[in-house]
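Q: From just these sequences and the hints, can you work out the full model?
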Amino acid sequence: MNYTQGEPIKDTKAPEGPIEDRWEKRKFSARLVNPANKRKINVIVVGTGLAGGSAAATLGELGYKVKSFCYQDSPRRAHSIAAQGGINAAKNYRGDGDSIYRLFYDTVKGGDFRARESNVYRLAQVSVNIIDQAVAQGVPFAREYGGLLDTRSFGGAQVSRTFYARGQTGQQLLLGAYSALERQIAAGTVEMHTRHEMLELIISDGRARGVVVRDMVTGEVETHLADAVVLATGGYGNVFFLSTNAKGCNTTAIWRAHQKGAMFANPCYTQIHPTCIPVSGDYQSKLTLMSESLRNDGRVWVPVKGGDTRPVNEIPEDERDYYLERIYPAFGNLVPRDIASRAAKNVCDEGRGVGPGGLGVYLDFADAIARLGRDAVEKKYGNLFEMYERITGEDPYTQPMRIYPAVHYTMGGLWVDYDLQSSIPGLFVIGEANFSDHGANRLGASALMQGLADGYFVLPTTLGDYLADAHKFDAIDDQQVAAAEIAVKDRIEKLLSVNGTRTADSFHRELGKLMWDYCGMERTEEGLRKALERIPELRAEFWRDVKVSGVNEELNQALERAGRVADFFDLAELMCLDALHRTESCGGHFRAESQDADGEALRDDEHFAYVAAWESTPDGPVLHKEDLQYEYVKMTQRSYK
Amino acid sequence: MNLTLKVWRQSGPDDDGRLVRYEIEDVSPDMSFLEMLDVLNERLILAGDDPVAFDHDCREGICGMCSMMIDGVAHGPQKNTTTCQLHMRHYKDGDTIVIEPWRARPFPVVKDLVVDRSAFDRIIQAGGFISVPAGSAPDAHATPVPKLDADDAFDAATCIGCGACVAACPNGSASLFTAAKITHLGLLPQGQPERGSRARAMVEQMDEEGFGGCTNTGECTAVCPKGIPLDTIARMNADYLKASRKSG
Chain X
1 MNYTQGEPIK DTKAPEGPIE DRWEKRKFSA RLVNPANKRK INVIVVGTGL AGGSAAATLG
61 ELGYKVKSFC YQDSPRRAHS IAAQGGINAA KNYRGDGDSI YRLFYDTVKG GDFRARESNV
121 YRLAQVSVNI IDQAVAQGVP FAREYGGLLD TRSFGGAQVS RTFYARGQTG QQLLLGAYSA
181 LERQIAAGTV EMHTRHEMLE LIISDGRARG VVVRDMVTGE VETHLADAVV LATGGYGNVF
241 FLSTNAKGCN TTAIWRAHQK GAMFANPCYT QIHPTCIPVS GDYQSKLTLM SESLRNDGRV
301 WVPVKGGDTR PVNEIPEDER DYYLERIYPA FGNLVPRDIA SRAAKNVCDE GRGVGPGGLG
361 VYLDFADAIA RLGRDAVEKK YGNLFEMYER ITGEDPYTQP MRIYPAVHYT MGGLWVDYDL
421 QSSIPGLFVI GEANFSDHGA NRLGASALMQ GLADGYFVLP TTLGDYLADA HKFDAIDDQQ
481 VAAAEIAVKD RIEKLLSVNG TRTADSFHRE LGKLMWDYCG MERTEEGLRK ALERIPELRA
541 EFWRDVKVSG VNEELNQALE RAGRVADFFD LAELMCLDAL HRTESCGGHF RAESQDADGE
601 ALRDDEHFAY VAAWESTPDG PVLHKEDLQY EYVKMTQRSY K
Chain A
1 MNLTLKVWRQ SGPDDDGRLV RYEIEDVSPD MSFLEMLDVL NERLILAGDD PVAFDHDCRE
61 GICGMCSMMI DGVAHGPQKN TTTCQLHMRH YKDGDTIVIE PWRARPFPVV KDLVVDRSAF
121 DRIIQAGGFI SVPAGSAPDA HATPVPKLDA DDAFDAATCI GCGACVAACP NGSASLFTAA
181 KITHLGLLPQ GQPERGSRAR AMVEQMDEEG FGGCTNTGEC TAVCPKGIPL DTIARMNADY
241 LKASRKSG
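If you read the sequences in order, they're chains X and A.
When you line the first sequence up against this note's numbering, it's residues 1 to 641, in that order.
When you line the second sequence up against this note's numbering, it's residues 1 to 248, in that order.
Some hints could be false.
Below, in silico cross-link-like pairs of lysine to any residue (SDA-like), each with a Cα-Cα straight-line distance of 25 Å or less [claimed, not checked]:
| no. | chain 1 | residue 1 | chain 2 | residue 2 |
| --- | --- | --- | --- | --- |
| 1 | A | LYS147 | X | VAL377 |
| 2 | A | LYS147 | X | GLU378 |
| 3 | A | LYS92 | A | ASP139 |
Label-pair restraints from in silico Cβ distances [unchecked claim]:
| no. | chain 1 | residue 1 | chain 2 | residue 2 | range |
| --- | --- | --- | --- | --- | --- |
| 4 | A | ASP139 | X | THR223 | 42 to 52 Å |
| 5 | X | ALA330 | A | ASP95 | 46 to 56 Å |
| 6 | A | ALA222 | X | GLY332 | 41 to 51 Å |
| 7 | A | GLU23 | X | GLU378 | 53 to 63 Å |
Calculated directly from the structure, the hints in this document are not laboratory data.
Treat the numbers as computed from the prediction; the structure is a model and nothing was measured.
From the three backbone atoms N, C-alpha and C, an ideal C-beta is built for every residue, glycine too.
A: Below you can see the structure in the form of structure tokens.
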């Protein structure tokens, strides 16, 4: 797959001036829509996670006519619900030196200098309002005996700025947004469509004007028109088949939009979490994350010799390799996510991995139990140990856990400007679906912050500015609508008519393995070229040999799956191309060719300090570069020695 | 291990439905229950048969989408465990497992094991919220909340809306679900202004949807994967009565 280079992106629409004034300036310059007109303006929001749920609710509160769509049976089930750890906010309730500027600084640096300063600063500013909003909605955050909110530190931050609700922060925040959304549904401002999947974007006169969706119960293909479309459809980690995403998470909505002209930015930036429960067999359907906090007391090791099949407790101390402590004596088991993940991969590649398939390393609590006592360990990690035992059937109090890295977040997504508008006018993208705020690596507890910042506070302002012109929009072109609907029906027909010999899942597994091997934790030119050769072959095989049972006019989960897998093939190709072109290592993107003498990621700021925004054209992908300027945070190389 | 499954098959709301027997071989004890069904479905698709439709999404016990009656118990034999977190090591070679959908009048079967739980959303619409438009909130520390109240509110708020409580209840009551939300919001100072109207509206909506009444059998809390306590229902009844008396 080849690409050509297009015009650079010059303007991201961020206001000029001191960084702390930019969002204020934008809010004031944004035009308003008079309340009587809002009632006549239609907005479509696809997805009901933290970003989509909060956006639909807020737009409804403002008086717009909103239609909201989700593929689940209720908006309360979007995968934001599974986030465990917490949400960052620069409240400085601890008086420990936190500030908006510090959160901004940490996020830019954590993103390995591949995020926009203006966006990140705004995110840090808005973070404080999110906590206020959530508390007022009744989100039961953890509190101290004095009745004030508790916080904890997270992901190596030096301040305690993470608000949490036990290990279920995502659930509680999502239920807050969901309750606001249900309130608007009752008020009649939001029309909810559950069990509907977006399959196409409708563009008319150059503007996003609607979507084609499939009613997943009846199979009916429906068209919904509007003055603007908001995509809040989450990340694309399921391209790897195995990830910590929910089974239904997919790329179809953003990929359809990309095919229709929306640029896709930094598709190769994927975050891999080091502590997940390893794969146990070929039937594995998803991976489960275990909180990173376990590394505070667990020691990571593998046998010194490869192919050591002795039961774990029979391996003597001097035949164990505590490799993180050996390679990183200063940080030991607490090295950052990407480094811990890669090191685990390396020892397994050497044939020293443990458990089924040799893809796992031990996380051992024996020392912690000896030092602190079983009770203390149980107090700290009891619920995690229980979850581990439920899934593996092994008791982590008497034998070490087995862990392995897994995909769990994608920093890349549709390109958006400062207003969160994509390169298609009227198409706005929020939450994990866009690429905006995390650069090449997201900090822990920042995904919830970004989703809610976009939905409650940023989008409702910037979308209003766009909609101030709504009365001047041309009438929607019927031919465009008909063409989009026909495209969807043709595609469904095509999937059903192949009638081959392999299921969609079997193709998905094969694609996922290919991506994991060549576009996963460590990428090389050779591997990426191999993947780019193999993906089109596999895709051709899919369209020749996939078997989808049943018909369209029913609840047909095989058909749903096949459609999503088809889009994953195309996305996978772009991810590999992006990873191949970016010959530097940065954040979640590690190119083996770009490392220093100690094996650490080596950025190449001279050549790669830009956002890679890909445009889809009939002649192949076109790369548009958006240069990143750092006026406030000085670019430095990360070091953990 | 080899198992016999008896799975409820129903092509749509108008079909009568029936249990269909499937033999399934080489089930690994490390599989999750849903992975075992994935294997069955792959086989059915390749044979050109209709795979068993079932709801599932996160597969880590928090989204509330999975919903199966397993051998007559909502979410199966493990306590505090959703269907997706149930693993096959709890079964042995030769076992027969009966799998059915939630059964309750307000949860009509959509297909096979998939039911329509939108009644739950409508109960929340009736009042399961605090009216606070985005941007109107005071500082989060303006109102301290006693830790014990916050903890109790959290315990009630962990409800995942799966509907197991309804499926298990001999009366098909949605009391535990409704009471969990009324308790969560009613324990917090932010939830006080709407406390009475919320309880009334939600209870009335619950009745309107056709859910049965509560007779304190406790089946709901026994199968609840999040262990929502039964005393939330007493709280709901108290709030409801108080609000009814006030407004007559």
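Q: Confirm or reject each hint.
A: Hint check results:
1. Taking the CA atoms of A/LYS147 and X/VAL377, the gap is about 24 Å. The hint holds against a cut of 25 Å.
2. For the proposed pair A/LYS147 and X/GLU378, the alpha carbon gap of about 22 Å is at most 25 Å, so the pair holds.
3. Distance check on the hinted pair: A/LYS92 and A/ASP139 sit about 56 Å apart at the alpha-carbon level, beyond 25 Å; violated.
4. Range check, A/ASP139 to X/THR223: Cβ separation about 45 Å, and the 42 to 52 Å hint holds.
5. Separated by about 53 Å at the C-beta atoms, X/ALA330 and A/ASP95 satisfy the suggested range of 46 to 56 Å.
6. Checking the proposed 41 to 51 Å range against A/ALA222 and X/GLY332 shows it holds: the Cβ atoms sit about 45 Å from each other.
7. About 42 Å separates the C-beta atoms of A/GLU23 and X/GLU378, a value inconsistent with the hinted range of 53 to 63 Å.
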